[in-house]
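Asker: Modelling step: build the complete structure from the supplied sequences, incorporating the hints.
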Amino acid sequence: KVIQKYNISSTAVLRKWIKKYNSHRELNDTGKGMTNSMTNRRKTTLEERIQIVNYCLQHQKNYQLVAEGYGVSYQQVYQWVQKFEAHG
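First residue of the sequence shown? That's 374 in our numbering, and the numbers climb one at a time after it.
You may find that some hints are simply not true.
Cβ-Cβ distance ranges computed for the label pairs, FRET-style [claimed, not checked]:
1. Y379 to L438: 28 to 38 Å
2. Q448 to L419: 17 to 27 Å
3. A459 to T418: 17 to 27 Å
4. Q433 to Y379: 34 to 44 Å
5. Y447 to S382: 39 to 49 Å
6. Q424 to K374: 40 to 50 Å
7. E441 to W390: 18 to 28 Å
8. Y394 to Y428: 41 to 51 Å
9. Q437 to Q377: 30 to 40 Å
10. I381 to N427: 36 to 46 Å
11. V375 to E420: 37 to 47 Å
12. N380 to G444: 28 to 38 Å
13. F457 to R415: 15 to 25 Å
None of these hints come from the bench; they were simulated from the model.
Where is the CB? At the ideal position from N, CA and C, for every residue including glycine.
Answerer: See below:
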């Protein structure tokens, strides 16, 4: 089995990795073994965040496109858009 050969903790972990890989997301090494968490790739200024939110809204909230284009995480773009829509 693959999980035994590569010392993966469970089949559920392997399935998550495969799902992330097939959706073109990054797998990151946290030192505790491989994990599929998405991390912020770089720091951004307030002005950049506003620009990113506006670009995302202009592109039908395509969070993945925007995240890849600006070098930030999908989750971060999503959160910024949600905050903007709730509070302006």
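Asker: Which constraints among the numbered hints does this structure fail? Numbers only, ascending.
Answerer: The structure breaks hints 5 and 8; every other hint is satisfied.
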